[in-house]
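So the sequences go chain by chain: P and F.
Note that the first sequence covers residues 1 to 367 in my numbering.
Note that the second sequence covers residues 1 to 367 in my numbering.
One thing to keep in mind: the hints can contain errors.
Because identical chains cannot be distinguished in the list, a pair is counted as satisfied if it fits within a single copy or across any two copies.
Listed below are the simulated DSSO-like cross-link pairs for lysine-lysine, each with C-alpha atoms no more than 27 Å apart in a straight line [as the list claims (entries may be wrong)]: (1) K39 / K76; (2) K328 / K260; (3) K76 / K2; (4) K2 / K268; (5) K119 / K177; (6) K110 / K39; (7) K328 / K268; (8) K359 / K119.
Since the hints were made in silico from the structure, they are not lab data.
2 protein chains.
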Amino acid sequence: MKDRRLEKLARVLVDYSIEAGEGDQVLLSGGTVAEPLIKEVYARLLDVGAVPVPLVTLPGTQEVFFEHARDLHYEKTPPALYSVYEQADAFVSVMAPTNTRALAGVDPRKQQALGRRDKPLREMVLGKDRWILTQYPTEALAQESEMSLGEFEDFSFEAMALGEDDPVAFWQEKSRKQQGLADRLDQAEEIRLLGPETDLTLSVAGRTFLNSAGSHNMPCGEVFTGPVEDAVDGTVYFGVPTAVAGREVSGVRLRFEGGKVVEASAEKGEEYLMSSLDADEGARRLGELGIGTNYHIPRATRNILFDEKLGGTVHLAIGQSYEKTGGKNTSSVHWDMISDLREGGELYADGELIQKDGKFLGFDLGG
Amino acid sequence: MKDRRLEKLARVLVDYSIEAGEGDQVLLSGGTVAEPLIKEVYARLLDVGAVPVPLVTLPGTQEVFFEHARDLHYEKTPPALYSVYEQADAFVSVMAPTNTRALAGVDPRKQQALGRRDKPLREMVLGKDRWILTQYPTEALAQESEMSLGEFEDFSFEAMALGEDDPVAFWQEKSRKQQGLADRLDQAEEIRLLGPETDLTLSVAGRTFLNSAGSHNMPCGEVFTGPVEDAVDGTVYFGVPTAVAGREVSGVRLRFEGGKVVEASAEKGEEYLMSSLDADEGARRLGELGIGTNYHIPRATRNILFDEKLGGTVHLAIGQSYEKTGGKNTSSVHWDMISDLREGGELYADGELIQKDGKFLGFDLGG
């Protein structure tokens, strides 16, 4: 039985997120289990006259890579693959893990080396700006979220507003409403986060808050910027557990001085955290401050694409920043960590209370 | 339970067929159901230091293409895809259909248009010479062959000599033995085929017989050339049914005059036959005369990759010839049709009887 929501999702991704048009070459990448969605997107791209270039990954390919690859394989992205990215006008990526912990046993240095190898690819995608990342509900993601597949499908598609008659219109409207928040924060020089075990001050002077409502992630709903690299001070507790690079990391505590992480610990996955912070020069500084605005997501599910959008949370990413925010940090790492402000949290912009207990004050964002 | 024969097959393809070495970029294409083999080949390529570039196709993608593609999609190969082929040093293609008749209802003109569109890709692969085409045993292929999957796996792997301790050595030896036949035929100016409803004379003057023993197809076992384009006369009956482009065509009869098909009929699939003959200028002339030498294949199974290798058969392809044979015919079509000479057939080279009732005279090829 065909799920009509996938057809709607394909339209959101193709017509709204990347605005594909005649002759656009669109790299369509994803795992094979996302087959139903990939085929919907493929068909929709053809319908609008775009030229789909599917790049489908078999489950387990990365595991085989890490097991068999030799040093030379970490040196550079295969040129043939690089040229596909080079020629593409836009990108649709569908994550569809069959096992969210498959890489738990892989040496993090190998993962970092692969991350460094493919950094030029990611930069190219970001540079072209027409890219959208989404997730197809799989058993593995449902399991990670402690739901049945059916429940997780509903959870996912609700977060993407696919129950709406016209989800494209929904995201357009969402974008319009969010712009007010982005405009307000753009005026601010300093953001302060207060919450459980958290008191952090970030300078955002001269930086741009971007309004993200389905242009790069689906589900979406956040405004974000790149904080000033040497002006982050205080402590922050990330109470929302994440599954990152195949392992769980939770209960992360960071202390910043002059923008740099000077103390770090994790209740789970501390070794991986430390290894990431030491990956390169930029990994101990922030690349992103994001504020979630999606209140259709009821709770965190160890799924970063969803959790970071959760209305009432903020996320900070160590590592690479997004150029368009004005952020200048460079790193092979970009790791989002999430702090829940829904119970006892406060978010200030230049001393003005913008959000309390996870609800925005004076902004109609559904919180 | 892992099938060790797949590991052997991966070694044959990687080490023997394309002789992959350090730094070689290898385009590894195939259908997702061939996952176990694709992963073995991927691992083996990494082991030898080659750089695999997997290009995996979801089942049903072609159907979606033919249903949704617009005129512009038939104009040229997506440049991003073209550049992958351009940059690859070698090619491993694994056919793995999930439905051999899925395209039966597609307008043949669309299929021909796609064939024309991608002709430059095929020419590039042929030009680079390091390419191997194989088939992964799927339920669809087993069904087409009227076997269970287990039976068809045994049938396939036996034809590939994967029961041997060292199949690479087997194919090397096979190649050595076959060279004698190729050398003999290279001396000939004229080949004559006699058999049921068949009396055909082909000039091969100045053309080269190539010895094919696993360098381009697996399974393999044939010697072949490109007959002189305007010097084929007589009639030929192709008693072995084939499944081509998603439909069955069987009982084909062709009459040649001066190299050109002047009369054609088919017991089944005649419409598609006619449409193929009219695809372009070169489609009514022969691109190939091949002689099967694989006696590990017990019978025809409507599977061209296997059937054309069957010891005791010859095949003729209308359309495109292989440059290396000296053949000069060009066409978007290359369709192999198979004539069974095992009962009452004779094959002459310049009047000398080379094969009778499907058995070679004076050549140790296992017939």
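Next item on the list: Check each numbered hint against the structure and report the violated ones by number, ascending.
Entry: Hint check: 3, 4, 5, 7 and 8 fail, others pass.
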